[in-house]
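J.: In the order they appear, the protein sequences are chains U and B. Numbered according to this note's numbering, the first sequence terminates at residue 138, and the numbering increases by one at each position without gaps. Numbered according to this note's numbering, the second sequence terminates at residue 219, and the numbering increases by one at each position without gaps.
No lab work stands behind these hints: they were computed from the structure. Quick reminder that beta carbons are idealized off the backbone N, C-alpha and C, glycines included. Treat the hints with care, since some could be wrong.
To be verified - A few chain U residues that face chain B, going by a derived Cβ cut-off under 7 Å, partial list only:
# : residue
1 : VAL11
2 : HIS14
3 : LEU15
4 : LEU19
5 : ILE53
6 : THR78
7 : MET81
8 : GLN84
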Amino acid sequence: MRVVIVGCGRVGAHLATTLDQRGDEVAVVDISADAFLRLEEDFSGLAIRGTGIDEDVLRSAKITQADAFLAVTNRDNTNLMAAQLAREVFGVPTVAARVYDPVRAEIFANMGIVTICPTVTIGNLLLDTLEAAPVRTG
Amino acid sequence: MYVIVAGGGKVGYYLAWNLVDDGYEVLVIERNRAKAEAIREHLGAVVMVGDAAEASVLEAAGAIRADVVIATTGDDEDNLIICQVAKRRFDVERVIARVNNPKNEQLFKRLGIDATVSQTNVLLHLIEQRLIPDGLIHLLTLKHQEVGIVEVRVGPESPVVGRTLAEIRLPPDCVFSAINRGDNVIIPTGRTRLEAGDDVIAVTRAEREAELRRLLVGM
Numbered sequence: 001m002r003v004v005i006v007g008c009g010r011v012g013a014h015l016a017t018t019l020d021q022r023g024d025e026v027a028v029v030d031i032s033a034d035a036f037l038r039l040e041e042d043f044s045g046l047a048i049r050g051t052g053i054d055e056d057v058l059r060s061a062k063i064t065q066a067d068a069f070l071a072v073t074n075r076d077n078t079n080l081m082a083a084q085l086a087r088e089v090f091g092v093p094t095v096a097a098r099v100y101d102p103v104r105a106e107i108f109a110n111m112g113i114v115t116i117c118p119t120v121t122i123g124n125l126l127l128d129t130l131e132a133a134p135v136r137t138g
Numbered sequence: 001m002y003v004i005v006a007g008g009g010k011v012g013y014y015l016a017w018n019l020v021d022d023g024y025e026v027l028v029i030e031r032n033r034a035k036a037e038a039i040r041e042h043l044g045a046v047v048m049v050g051d052a053a054e055a056s057v058l059e060a061a062g063a064i065r066a067d068v069v070i071a072t073t074g075d076d077e078d079n080l081i082i083c084q085v086a087k088r089r090f091d092v093e094r095v096i097a098r099v100n101n102p103k104n105e106q107l108f109k110r111l112g113i114d115a116t117v118s119q120t121n122v123l124l125h126l127i128e129q130r131l132i133p134d135g136l137i138h139l140l141t142l143k144h145q146e147v148g149i150v151e152v153r154v155g156p157e158s159p160v161v162g163r164t165l166a167e168i169r170l171p172p173d174c175v176f177s178a179i180n181r182g183d184n185v186i187i188p189t190g191r192t193r194l195e196a197g198d199d200v201i202a203v204t205r206a207e208r209e210a211e212l213r214r215l216l217v218g219m
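Could you put together the complete structure from these sequences and hints?
T.: In structure tokens:
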């Protein structure tokens with residue numbers, strides 16, 4: 001499948017590398033050229049320097065042919081705007097964004113964007129570790 | 001009327017200043033404590049520190065009873081999300097976003113922002129009008145720029161001079177809403193007679209503009 005990723009931080013680079021090795025067609029967008037150093041040397045996808053909220057930048061990442069769009073910069077608002085561009089302007093079928101703020105994650109989930117909220121997800125995982133934890137007595 | 005201004009930079013600050021002056025109830029939300037403090041010194045207790053895209057901050061600002069939220073930061077993505085959160089979460093009647101990249105004006109309207117202000121476009125329009133005065137000035141565009149409110153000055157050679165509105169054949173999809181004549185504003189009726197030098201404020205479809213201009217300017 002064809003995937004556009006906005007943000008080449010730790011998560012973005014991990015996604016790009018994994019999908020690329022799996023044989024998917026990947027384009028990754030970041031405003032900093034240094035971010036692309038996180039990619040493996042044999043990365044065969046596109047690395048586009050620019051902002052993920054600019055239509056022309058997204059076009060050069062071949063968004064018009066993309067099956068999925070993942071917005072994972074470290075800024076909630078950038079991810080949410082990029083995701084809406086992907087969905088509303090380019091009609092990408094699957095659009096997901098990382099959103100740290102749980103409230104914003106909920107609001108935009110109601111608007112048809114898949115929002116992944118690390119704050120809640122990680123909080124819940126940590127709570128789960130407590131479920132099985134023994135309580136010291138005495 | 002209660003107006004929340006998100007962003008206390010130059011635009012937000014001068015906007016808030018004018019709104020306070022005009023008697024509106026105003027609150028500026030500014031992330032940077034030092035900037036917020038500077039605004040408080042100049043305008044008084046009309047500022048709070050916080051990120052306006054956070055629902056909890058908007059809630060503390062009383063967004064639920066705000067009539068208008070205006071997002072004025074230098075980042076389009078922040079302005080978009082602030083407005084969307086205000087609208088979706090707090091049912092704010094009217095949300096207005098400053099647009100830094102003119103390309104985003106259409107997109108923001110499509111994404112539910114009631115009005116956008118692009119400084120770049122405003123400046124471009126002003127410059128165009130100074131450079132190429134063709135007698136027609138765009139005052140406002142409504143909904144995806146299909147319909148606009150324009151001002152046209154009636155030229156001395158125009159066939160409409162000395163005629164009443166009832167006698168003039170206007171282009172389709174075009175109405176006159178006001179006429180500025182000297183110091184007076186006239187709300188026109190069919191019996192209103194046009195004079196050379198009148199500034200006609202008209203609502204018109206974009207594709208009728210040229211026709212309207214020819215009729216009123218007369219060349």
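J.: Each of the hints needs a verdict: does it hold here or not?
T.: Quick rundown of the hints versus the structure:
1. VAL11: Check failed: Cβ of VAL11(U) comes no nearer than 18 Å to chain B, outside 7 Å.
2. HIS14: violated, 23 Å
3. LEU15: LEU15(U) check fails; min Cβ-Cβ to chain B is 21 Å, beyond 7 Å.
4. LEU19: violated, 25 Å
5. ILE53: holds, 5 Å
6. THR78: Where the cut-off is 7 Å and the nearest Cβ of chain B is about 5 Å from THR78(U), the hint holds.
7. MET81: This interface hint holds because 4 Å falls under the 7 Å limit.
8. GLN84: Where the cut-off is 7 Å and the nearest Cβ of chain B is about 6 Å from GLN84(U), the hint holds.
The structure fails to meet hints 1, 2, 3 and 4 from the earlier list, while all remaining hints are met.
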